[in-house]
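The hints should help you fit chain B onto chain A, whose structure is shown.
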Amino acid sequence: MKNRADFIVYWGGNPAECHPRHFSKYTLTQKGKFVPEGRKGRTMVLVDIRETPSARAADIFLQIRPGKDFEVVTTLRALLKGQRVNEAIVAETGTTVAQLQDIVDRMKRAKFGVIFFGMGLSMTRGKHMNSGAILMLAAELNAFTKFVCMPMRGHGNVTGADVVLRWTTGYPFGINLSRGYPRFNPGEFSTVDLLVRGDNDAALILGADPGATMPQPGIDHLARIPTIVLDPKVTHTSRLARVHITTAVTGISAPGTAYRMDEIPLPLRPALKSPYPTDEEVLRRIRKAVAAKPAWEPAPYEGAGIS
Amino acid sequence: MSTIRITGGTVYDPANGINGVVKDICIDGSRIVANVEGGRTIDATGTIVFPGGVDVHTHVAGGALNFARGLVPENQRAARKFLHGVNRRAGIGGMTPTTFATGYLYAGMGWTTVNEAAVPILSAKHTHEELHDTPIVDKSCLVLMANNEIVLDLIEAGEVERAQHVVAWLVWAAKVYGVKAVNPGGVAAWKWGKNASKLHESIAGYKTLTPAAIISSLAKIIEDLKLPHPLHLHCNNLGNPGNIATTIETMKVLEGRRAHLAHLQFHAYGGEDWPSMRSGAVEIADAFEKHPNLTTDAGAVLFGDAVTITADGPWQHMLHQLTGRKWGNLDVENETGCGIVPYVYRDRHTVNAVQWAVGLELLLLIKDPWRVYLTTDHPNGGCFWRYPEIIRLLMDKEFRKEQIKQLSENAQSRIVLGEIDREYTLFEIAIITSAGPARALGFSQKGQLGVGADADVTIYPAKATDDGMLFTYPRYVLKGGEIVVEEGEIRAVTEGKEFIFRPGYDEQIEEYIRPLFQKVYTMSFENYPVEIERVRGAEVITK
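Those protein sequences? They're chains A and B, same order as listed. The working numbering applies: residue 1 is where the first sequence begins, and numbers increase by one. The working numbering applies: residue 1 is where the second sequence begins, and numbers increase by one.
It is worth saying that the hints were derived from the structure and are not from the lab. Treat the hints with care, since some could be wrong.
Between beta-carbon pairs, the in silico distance windows are [unchecked claim]:
id : chain 1 : residue 1 : chain 2 : residue 2 : range
1  : B       : Lys194    : A       : Ala88     : 55 to 63 Å
2  : B       : Lys194    : A       : Asp220    : 55 to 63 Å
3  : A       : Pro66     : B       : Glu272    : 53 to 61 Å
4  : B       : Asp347    : A       : Asn185    : 29 to 37 Å
Where a beta carbon is used, it is the ideal one built from N, C-alpha and C, also for glycine.
Pulled out of the complex, with its shape left as it was, chain A reads as follows (with noise of 0.2 Å):
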């Protein structure tokens, strides 16, 4: 992206508030080895619909009305394909077939095009189908040109979580090891399902502030089972935990890796020294006293093609 995009697409996200460092140390603002007049070089559409801060980096800015994600990326594919699509409809998404044809001849003629999306597609009326739909427009598009699309994570490790989940279970998130072997169903293993339908009888919570984040019912579970919280500081979640172990700042008080949103890990070197045990000190002495204990065995489940 650096050294190459000169078309770069934020779909329903708001880097300049929430990414603060992306424009300038990844796309927009850098020379790149291809693109060596930097910002000059290359042309920024944002997706919104509201006029954020971001509205401000960018060459074009297209307000589409809420829930109108996924209209606007089909509308996209279907004048990519060079199929007609219908003044009307298209107009109740707030844009025009004229915007959004300028906006397909520009991805067109790029030379390296890039799209970032945001939970403001991924989240919102549509979710997944959104994001399926988003990356099959990039995907497509490389039928013309080369482009690339990525999804802007939520803030702290989110990512190198993904990837450690990946190698050892098969599954990204949302993963029940209760059967002794992972099985993987958002919607049904995913946090906030669990907690919503009280399925749990205790939880450990690394990283997250779920208490801040989680719908009510969800959180009032958390509440009333033992929960246990590792974090440096105090927050909604450790409020009502019922244990809350201190531990070290990863990346400030202690080491560790964390993965780029384009999967990519980076060393984290502490500068301080933390009185504090880092997060796997913790969860090593929680694993050797459950160790200790009789095995736990689960009980084989029929019919599951198990070895």
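Here is chain B on its own, set in the frame of chain A:
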């Protein structure tokens, strides 16, 4: 660790010229010794004793494979499950097994050393983490170099000597064992949506640089650096009908320098387009015989599900367009890239049938088993845990001929497999699965059962199982002198080593690389090299 005597088994140890001799194998600690007193005795009467298997080319760890795991949850759901136990971690088998399951599956089949064939430097830290989480087997890995733009710029400028120092610095920065070249120049061109399929034409984004120049320069650099494993080369033009011309030309471009041609099956197609595609195995095997400087692995295809994962980005886009199936693409800054497409090889599909035949034809037509090794380019041509199926096809011509009859007449007219009567012997199987790849990788302590070798031993029953397979369920597997598999069960989960090679280079080269890196990369230079402390179980080799 203790002493063990394996007694009564029929030993196949090609590196030491032992072909089916009943003799004792003695182990003290992690090594094979001439004799032991006392200790445990394993009665191996009526069994076959092999050196532990060595996989010269597989994809079991790293960013690309891990991306694939996320892309195909439906495969994971259908795959074999591994329950967690007292000494065993939970996991999932299938086409892209989890790291722990990978260790159990390889060891469970009698393989004790694996070579991960594609590591980008930028994400090498990740690869090493995954390799550490792959238990039992010993590991090595190869860094991707043929599309690294710092190296490519130097080759274009004719500064081969400086390029050599850069390559050496990069090998040590990534903490790897060897160097892999994937579609030289083609992955760099793919960053512009282009490919590099002509060896002597300049590459998109460059004035004069050609794939041929990259290949010959890298082969020379690797030789001069005295890396134990020669340049590991994934040729240009993979998978395309008529690519035998490119592959044969690549052999010439190497001018007698050592190289390992990876997954040759994917580079051995005749014809001009998809309708006329046919096996080119005869031409490739002939050309290969004339170049004793080369080794290769089959990259054989088995019918059924696969996941194609390769740094060859342009090919993967093409495959996505061809199949309409899911496609994942990763570009790794200025070093490499990768593409992922799930795939099903069907026996009724003419192209797939030809691919299936070509892998076997190459294994059968190349006369010297010391130069061609058993692989499926896992998970590209099929899963590594299906190797016993290929072994059966190689050892049993009647079974092979029955399988050929299942193919369409159209497919049968495009292959030569039906005319080949060769049957592999157990001695030859021991070469292509262990002794040969160990030698190609430069692991003198592997792939053999002589005194002083690593005590990696697999004991197979001499009789095939009901499904005709001989090598699916070893009775015992010993890794570094420990019994890790007994009667088909994982008994001990040990941690394998990771072999890393440290080539010599001028330390000043770092000051040459630093400003170039800072100009084009997006991380700080200090964070680029893998710190040796991060590679757990590392065994550093220097020469």
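So which of the earlier hints does this model not fit?
Violated hint (a single one): 1; every other hint is consistent with the structure.
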